[in-house]
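A.B. asks: I would like the entire structure built from these sequences, with the hints used as guidance.
Numbering (mature numbering (1 follows the signal peptide of the UniProt record, and there is no 0)), first residue to last: -22 to -1, 1 to 235.
Since the hints were derived computationally from the structure, they do not count as laboratory data. These figures come from a predicted structure and were not determined experimentally. Where a beta carbon is used, it is the ideal one built from N, C-alpha and C, also for glycine. Watch out, some of these pointers could steer you wrong.
[Stated by the list, open to error] Across the chosen pairs, the derived CB separations fall in these ranges: (1) Tyr112 with Ser28: 22 to 30 Å; (2) Thr109 with Glu24: 15 to 23 Å; (3) Pro26 with Gln132: 36 to 44 Å.
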Amino acid sequence: MVRLTLILSSILSSFYTARTSSEQDTVLLYQKALPILNQLQTWYSEMPASLQMNITYQRKLCFHGYLHFSYYGVMMTLLRRLIRSTALPPRCPDDQILAEIRQLALQTSQGAINFVVNLRPDQLESFWYFTSPYLYALLGSFTTLLLVTSLSSQERNFWQETLNSYLWNLRTVSKSSEPMRYAVNRLEGAILRGLEHALAVNLNDSGDDEVSPLMVHGPTEAFEYTDFGDWDLVAGVNGSFDFLTAFDLDSQYLGEL
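C.D. replies: Given below as structure tokens:
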């Protein structure tokens, strides 16, 4: 956890200070982020087998969840900085870098949502780091950011269904999980209530807990970014642009993404 915290500190100082947050050149930001991405992936691949999520204990709670979720949280913190830069002027001239960033974001979001959906009771009732409630909300806001910056109608539909399903899953489990209850209140209140008309996000509780949205248990297959069709929102666009102005979103809500 100490190593992961040091990586997070590096991300915050490199991408989120008053000086560094003004940079919007996606290529430069991606090149700057690559060494940190490699550190994160190395950290996760070197996690001991004794700390994996498939470990079970006899009459003992499994406490490994906070460590894995913290990894996803740090990944999302870095990637959302890159994703936001792709949606603001100047336009990223390198389509390969743009695709690589969104593929990483896709894999991270899918991995984190599957992690949350598949938590066992002995994991949910175990120790969670104090940042865990925020991480549940961060996952929702990260998915929302991917939705509003979608590069094709297929991708937009995918993220819309993913977000609705994630919210539904949080609601059902939040009855017995205080961290998830915090995330539901934060997402539906501070973040998504101002976005629901622009994004067509379903914030209404399901009337039947036995009926779930299509993707409530997570995607049944691993999507590739190339599965989302043509980039019909950027093809042929030259010069400055701003994806986020295509949506009627108040700045206070964009600050949450």
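A.B. asks: Is 36 to 44 Å a correct range for the gap between the Cβ atoms of proline 26 and glutamine 132?
C.D. replies: Holds - the Cβ-Cβ distance for proline 26 and glutamine 132, about 39 Å, lies within 36 to 44 Å.
A.B. asks: Confirm or reject the claim that tyrosine 112 and serine 28 have a C-beta distance inside 22 to 30 Å.
C.D. replies: holds, 27 Å
A.B. asks: Take a look at whether the Cβ-Cβ distance between threonine 109 and glutamate 24 falls inside 15 to 23 Å.
C.D. replies: For threonine 109 and glutamate 24 the Cβ distance comes to about 22 Å; the hint holds.
In summary, this structure violates none of the numbered hints.
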